[in-house]
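Undergrad: Chains as they are written, first to last, in this note's numbering: chain A, 1 to 99; chain B, 100 to 324.
Read the hints as simulated data drawn from the structure, not as lab findings. Treat the hints with care, as some may be off.
A few chain B residues facing chain A, derived, Cβ under 8 angstroms [claimed, not checked]: (1) R121; (2) Q125; (3) R270.
Stretch by stretch, here's where chain A covers chain B in the computed footprint (C-beta under 8 angstroms, at least three residues) [to be verified]: (4) 181–191; (5) 196–204.
Backbone N, C-alpha and C fix where the C-beta goes; we use that ideal spot for every residue, glycine too.
The chain contents come next:
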Amino acid sequence: MTAEPLDPLIHAPARLRIVATLSALPDGDSLSFTRLQDMLGLTPGNLITHLRRLEDAGYLRSETTGNGRASRTSIALTRQGRAALETYTRALRDLLGGL
Amino acid sequence: MQGTNDIDQPAKADDGDGLDPREAAQLLARTQREAQRQFDLSPAWLTVVTGAVVLVAYGALWLSTRGQHPYEGPSLGVVGLVYAGVAVAIAASVKIYRRATSGVRGPSFSQQRGEGIAILVSFVLGSPVLQGAMKHYGASDAIVYGVIPAAAPLIVVGTTVLGIAAAKSDRRQFGAALAVVVAGVAAAFAGPSGAWLVAGVGLFIGMVGYAAADVLRQRRAPVRA
Chain A
1 MTAEPLDPLI
11 HAPARLRIVA
21 TLSALPDGDS
31 LSFTRLQDML
41 GLTPGNLITH
51 LRRLEDAGYL
61 RSETTGNGRA
71 SRTSIALTRQ
81 GRAALETYTR
91 ALRDLLGGL
Chain B
100 MQGTNDIDQP
110 AKADDGDGLD
120 PREAAQLLAR
130 TQREAQRQFD
140 LSPAWLTVVT
150 GAVVLVAYGA
160 LWLSTRGQHP
170 YEGPSLGVVG
180 LVYAGVAVAI
190 AASVKIYRRA
200 TSGVRGPSFS
210 QQRGEGIAIL
220 VSFVLGSPVL
230 QGAMKHYGAS
240 DAIVYGVIPA
250 AAPLIVVGTT
260 VLGIAAAKSD
270 RRQFGAALAV
280 VVAGVAAAFA
290 GPSGAWLVAG
300 VGLFIGMVGY
310 AAADVLRQRR
320 APVRA
């Protein structure tokens, strides 16, 4: 049996940490941009870049409320994103089991 | 990503080149464990500390009523100590809750609020209503101020939590709640003074068991690296 390839969108340290952090929330819950940034210790620019890539793939959804300085962005893992992380975890398990 | 107009550095999108599977597994496990710790509404240490406070408080109630013939109930000083312990435990829980839920939104909030209201109502109404009814029908102080306030909260609140845990298929919470209900039933037959001891030990075992199961769950890595 051939092991599944590791999803390149998740298999990058920063994006793996983003997806893993959001997966710890109950299904459907979202996390504010500032709390996520605080937890991961990434710069805003770096975090935005990774979030965009994950959102473009349908793994995340973001929602912004308010305007200007009062605006608040929330990020949540989609079902597709949760499934992608499960597949990635299974692929890792297969790879490591074969080592 | 609108609303995050604070880009202050050139964005760098790292890729997974050089990240071997073992490193990835370790990073995944570490990140999930840290995130679960930060989002945890009832961390294991707080559950154990609260369990110890409960054990000391119920132990003090037992010591202050042991050997009373006829039973008169615990002294006011001990009752004050119990209320102080409960107040400290509630204050610590509120602080942890606020920190854990900072920046978090979603459907789990309304569910937690509903669960909290159900537990509060069963706690506030369960034992006092039974005590009032028993007093009204002429039951002795041993029943009204001994057996019922020691055993009833464990049975009433424990059963409420049992239902919540069953609805969520949460086996850890279900097991802990079942232990508390069983302790409440045992306390109901342990006599007015012994009821406090049995209830305190039962609550302590239920809480420590829940904390231990929680720690084991969090230590279970998604992938063994």
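Undergrad: If a hint holds in the structure, say so; if it does not, say that too.
TA: Tested hints:
{"no.": "1", "hint": "R121", "result": "holds, 7 angstroms"}
{"no.": "2", "hint": "Q125", "result": "violated, 10 angstroms"}
{"no.": "3", "hint": "R270", "result": "violated, 17 angstroms"}
{"no.": "4", "hint": "181–191", "result": "violated (count 0)"}
{"no.": "5", "hint": "196–204", "result": "holds (count 4)"}
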